[in-house]
Amino acid sequence: MAGVTMVQALNQAMREEMARDETVLLLGEDVGVDGGIFRVSDGLLDEFGEKRVVDTPLSEVAIVGSAIGLALYGFRPIAELQFSGFSYQAFHQVEGHVSRYRKRSQGRYTVPLVIRMPYGAGVRALEHHSESREAYYAHTPGLKVVIPRSPRKAWELLKASIRDPDPVVFMEPKGLYRRGREELPKDRRKVPALDGAEIVQEGEDITVVAYGAMLYRAMEAVKTLEREDVVNAEIIDLQMIAPLDSDTVNASVQKTGRAVVIHEAPRTLGVGAEIAARITEESFLSLEAPVKRITGYDVQVPMFAREQLYLPSEERILQGMRDTLAF
Amino acid sequence: MAGVTMVQALNQAMREEMARDETVLLLGEDVGVDGGIFRVSDGLLDEFGEKRVVDTPLSEVAIVGSAIGLALYGFRPIAELQFSGFSYQAFHQVEGHVSRYRKRSQGRYTVPLVIRMPYGAGVRALEHHSESREAYYAHTPGLKVVIPRSPRKAWELLKASIRDPDPVVFMEPKGLYRRGREELPKDRRKVPALDGAEIVQEGEDITVVAYGAMLYRAMEAVKTLEREDVVNAEIIDLQMIAPLDSDTVNASVQKTGRAVVIHEAPRTLGVGAEIAARITEESFLSLEAPVKRITGYDVQVPMFAREQLYLPSEERILQGMRDTLAF
Amino acid sequence: MPIKTVDLDSEITHLSILDEKGRVDEELEPDIPEEDLLDLFKTMLLVREFDERKEKLQRQGRIGTFAPVRGQEAAQLGSIYALRKTDWFVPSFRETAATIWRGMRLEDDLVYTAGYEEGIRFTKESRDLPIAVPVASQIPHGVGIAWGIQLKGADDVVLTFFGDGATSEGDFHEALNFAQVFRLPVVFLCQNNRWAISVPLHKQTHSKTLAQKGIAYGMRSLQVDGNDILAVYVATREAIERARKGKGPTFIEALTYRLSFHTTADDPTKYRPADEVKEWEKRDPLPRFQEYLIKRGHLDRDMVKNWTTAAVIEVDHAVERFERRLDGMGRDPDAIFEHAYAKNPPYVERQRREVEDWVRARREEGGGE
Amino acid sequence: MPIKTVDLDSEITHLSILDEKGRVDEELEPDIPEEDLLDLFKTMLLVREFDERKEKLQRQGRIGTFAPVRGQEAAQLGSIYALRKTDWFVPSFRETAATIWRGMRLEDDLVYTAGYEEGIRFTKESRDLPIAVPVASQIPHGVGIAWGIQLKGADDVVLTFFGDGATSEGDFHEALNFAQVFRLPVVFLCQNNRWAISVPLHKQTHSKTLAQKGIAYGMRSLQVDGNDILAVYVATREAIERARKGKGPTFIEALTYRLSFHTTADDPTKYRPADEVKEWEKRDPLPRFQEYLIKRGHLDRDMVKNWTTAAVIEVDHAVERFERRLDGMGRDPDAIFEHAYAKNPPYVERQRREVEDWVRARREEGGGE
Ligand SMILES: Cc1ncc(C[n+]2csc(CCOP(=O)(O)OP(=O)(O)O)c2C)c(N)n1
Ligand SMILES: Cc1ncc(C[n+]2csc(CCOP(=O)(O)OP(=O)(O)O)c2C)c(N)n1
Ligand SMILES: [Mg+2]
Ligand SMILES: [Mg+2]
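Protein chains in written order, with the working numbering: chain P, 506 to 832; chain A, 506 to 832; chain S, 75 to 443; chain D, 75 to 443.
The shape of chain P in the complex, shown without the other chains:
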């Protein structure tokens, strides 16, 4: 098959950035010799040596905390946390410091680090390996939160995140790690800066907002909808959930008058809540139906045997769009 998987694209992005900028380095549990438990850093140790690809002790606080120090000193560390479910061990470092050094020091000290972590369902793993709690980070002022949808996007957004002057929590939808391939751009040097949402399909009748793995389910559902119901959907990939590019979303809703938003995370206070609130605030008079949230449920994420019942399915998404169109 042509092209690369998301795992390979992320690997390539790090490789290129490390070659371009010697202040970029990678640290985390099992990122070196093992190449990362998902193989995202495969080969980087051989290429860049153990000063720049560092296997650390089992210490999320020290990984994030020392990455802060490295960033303060002038490096651009990429800290890998093995699963988002273990990122909360270091949550106080993120809330208390990563998001604040710029402010606290009146701009003198900044922490342009990237904290990478796989998140979301789809790998038949144990408890704590399937959650989507990106809203914790998106609710924290001072952070950027990026979620790529495809290999190419993963490559582009990770590079942009590494170059970004602000700290980025880079959440990798692990269900997409090996789903599908894409060619990377020919010209590898041009990297657009981090910048909001992308309209992946234009349409007139309904706005469909999603990100990460759910985007594909949304797109599949839209295909069925367009075929069976003869309507056009505008599909938006948020790409960044913080800062949230609600302007793009609102412009779309002001055209379509209807919106659904889809994510894996629990509904309550998930990103869909903010999208719904901002649409209501800014596009109220255009709205012909309530904004519909198609999301994970407000309970603990089940173990993997029942995961699919928990996640928004194509059918649920399709139904949600139909309800919204019929409202």
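FYI, nobody ran anything at the bench for these hints, they're computed from the structure.
Keep in mind that the hints are not guaranteed to be accurate.
What the hints assert, rightly or not - Okay, derived cross-link-like pairs now, PhoX-like style, lysine-lysine, Cα gap no bigger than 20 Å in a straight line:
hint: 1; chain 1: D; residue 1: K78; chain 2: S; residue 2: K282
hint: 2; chain 1: D; residue 1: K282; chain 2: S; residue 2: K78
hint: 3; chain 1: S; residue 1: K321; chain 2: D; residue 2: K369
hint: 4; chain 1: S; residue 1: K352; chain 2: S; residue 2: K95
Said to hold, decoys possible - Stretch-level coverage of chain A by chain P, calculated; a stretch enters the list once three of its residues show a Cβ under 8 Å from a Cβ in chain P:
hint: 5; segment: 590 to 596
hint: 6; segment: 772 to 778
Just so it is clear, the structure is predicted and the values come from calculations on it, not from any experiment.
Note that beta-carbon positions come from the ideal geometry of N, C-alpha and C, so glycine has one too.
With chain P fixed as given, assemble chains A, S and D with the ligands onto it according to the hints.
Just chains A, S and D with the ligands now, with coordinates in the frame of chain P:
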């Protein structure tokens, strides 16, 4: 002055519950000899002894983590964290365990603990002492999150939280600790179970949703509004932001057609987002204006000299209500 | 004297009773009833067989990933054997041997590993915690239970397990400090299997032993040969008895080795020299224990053969029961909404109905999965 | 041998050079230039005066709460003096003496304590971190900076401060382990002032010394009399030089005492015996250092008197400048939205305009605050 402050009410609630139920105990930094840095546990050590009122080492993880163990064993621990700003040190224990043991053990093990923490602005303190990040906890399935508005409510809700079979994050609006006094009920034994929002004032024209310290600003603003604009507001104190009693809110909005929601927390993904989303979902056809959020801003909370510019002021709330009424 | 050495009253000892050839130090040899010795041995055989079978089931996609025990049987069984049924057992995620000793049914473990919460089955009397996936995060829970025991004046004890990697986490540090400050009846059993996934011990920490980490808390700490079931038992028993008498916690480092992969998702040949594994194969706790039992006249080769076959059959049966149960379980969505709260809030109940409606609609359409 | 003692190659020494009467151990006495000695002494006087003045300003409501230094001047100045300007200083929240030594202007400190971010003023050349309020959370930052230094091949060093209470936090543990695993050029300076707010040392941990906590990481660790500026200096200098030479981190426990309250929000008479404070008054680092300087002929009583007056005047001037600056600063809302991100997102800019409009509207109505 008659009645008790919120600090005294909380103290009284713990005292009564500890006297009633010997499995209730209090642990935390400085809760014993010092009586808590806000004096909430004043005198409890003398009354109940150092086995039940325990000064711990400076370890939030161990405070919450050992409280989990105590709860698993059959105790009903109250864990005090000194400020919500230091609760993130133990966030992984809350996200990973407090909220999950019931589920994980298929109901065999439950953790009926209460994690108390002062939150919010108003004490002219250093960084990390003024934040309102209750949404982190409210977004975590399996937890209850309670926020009292007054001495009497603090007494009642803390007692109910201690008796509740689920884990409760009990967030105390520190700006209200010594603001105003109220009598506690004569009959101290009757304690209503934790149960959703309360309509503190009935009205017809607009629904005003708030909780904690902002409720008073909302009430003051409503007074001005009612006086100057001749309208009636229905004021709802959420009391619990998880589970969120949106049914009460929606019933109100279906009557008034308009709503504002007020909180100190950053706007993005704050509780107001969820309220706005649920109102839009369930009361869309009744809505005559977009739900207005009057909140803290999406930046790091400033140090105390500029705190008032950050917090929703009475004027901002008044203006927000007027905009909503005039929409 | 301006420069003086502080006397810390702390030293770290290393205990070993059964050597690599199965020779015993008779002075230190504990007095374990024959029946128990043989039970422990049978359990070792069973756990090995179970591990292997799970690996196959996983490769066939019938269960999910899991962490094998191979190499650590003595560390787990020697210590758990010292615990009373009424004491508390706080596992990490690799203690299948200890958990089986505590009475877990193999089929339940398979149900759990297949992704069903129902595999966790405790009775009201259970004093075993479910597995804890976030490394080290269970350690403070064990401390809290021990605190509860102390407050209640009960004479129970808590045995808390974790690995070498766990000692780098803050949770380990905070929990051990607490336990010693309050002199709680808890024993910390660190299975130092020399690897944390791909990270070897010397990259995990620069301390010469893990046991010495206990010195930070003024805690009694020692090292044992973790592949020597007798030494593990003796050290744990003593620690438990001290704890039971109110003398506070002990930290035990059991030196052992993870002979297998980290989990089925892992390929250790990527990071670990084959030689090292071979060296440790020689110290395998199972043949060593077997030699000991044979030398003591408790066991002969035939028994080993028969029991090995019996283990295979036991696992066969467990797998059959597991598969029957899976069939019955279907994909009942209700389970998602159970045990979330004592009583679900209204909107969660509405979500539950939403899922139920979906599943019903699907069934009516005659669709499978 | 089945039970053997493991040789840990680790012992904890205690260093003291200047005793409570100001008598010096001449063999260990460091060779500090007279000018520097007197500068250090002047700074001690200044910090004392500044602490007192801040207390008054706080009681008058002109500044917010703060953490006084009294009793810990030697621990802070002896150590910070050993640091080059180009080395890195990572404070906790009580290091006003060290921070002043590094060049912080008193008025900036007052501006900060009055609740304005602008009190934090760093230049591009600054190698001092801002204060860290969450206990122990700054320790890994110092480790990361040291790691950066090592990677860059620079010969700078990091000096990281924290208190006795901080040693109970997981962040302390994870950071020290990291530092030793990577042999980083960082010195950990623990000011053991025996209290963490109301929690005394023996409730904080059961370890005999805090220094021995370094044994957990195989880290060189020692104890010094923290009220003895010479001992603190000698120990820190040696540790810094080792770090500079690539020999890795050192953990120094400086035994000192918090003579004052925890912060202005605190009343230590509630929890701490007056006797204990009296005992420690006798070991006050200031008179002790003063005696030493007088004995060495560097100082006389008149100089002390004049310099004390000079300190008062310096603080007077700082307060005046502070008050003038506050006037000028107004309540500019813009500051809330500055330095939030490199570039604010559009909705944050809209929020900024919302606040500006409010403030403008208010001003136009002629309302003050
Ligand atoms: C807090 C946390 N971080 C990372 C992981 C991922 N992880 C699972 S097991 C493991 C290694 C554990 O090593 P050790 O403590 O030595 O136990 P062992 O696997 O050797 O039994 C890691 C890093 C996790 N489960 N929890
Ligand atoms: C993580 C965290 N928990 C609690 C607090 C509240 N607090 C501020 S200072 C302090 C005591 C600190 O003691 P120690 O480390 O000994 O430093 P000292 O105050 O004695 O200088 C506490 C509990 C905090 N700032 N951070
Ligand atoms: Mg291990
Ligand atoms: Mg202290």
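Hints, verified against the model:
Distance check on the hinted pair: K78/D and K282/S sit about 15 Å apart at the alpha-carbon level, within 20 Å; holds. A hinted pair counts as satisfied when its Cα atoms are at most 20 Å apart, and K282/D with K78/S qualifies at roughly 15 Å. For the given pair, K321/S sits about 51 Å from K369/D by alpha-carbon distance, which is inconsistent with the 20 Å threshold. A distance of roughly 16 Å separates the Cα atoms of K352/S and K95/S; the hinted pair therefore holds under the 20 Å criterion.
Requiring three or more residues with a Cβ within less than 8 Å of a Cβ of chain P, the coverage given for the segment 590 to 596 of chain A holds, as 5 such residues are present. Residues of the segment 772 to 778 of chain A lying with their CB closer than 8 Å to a CB of chain P number 6, which satisfies the three-residue condition for coverage.
In this structure, only the earlier hint numbered 3 is contradicted, and the remaining ones agree with it.
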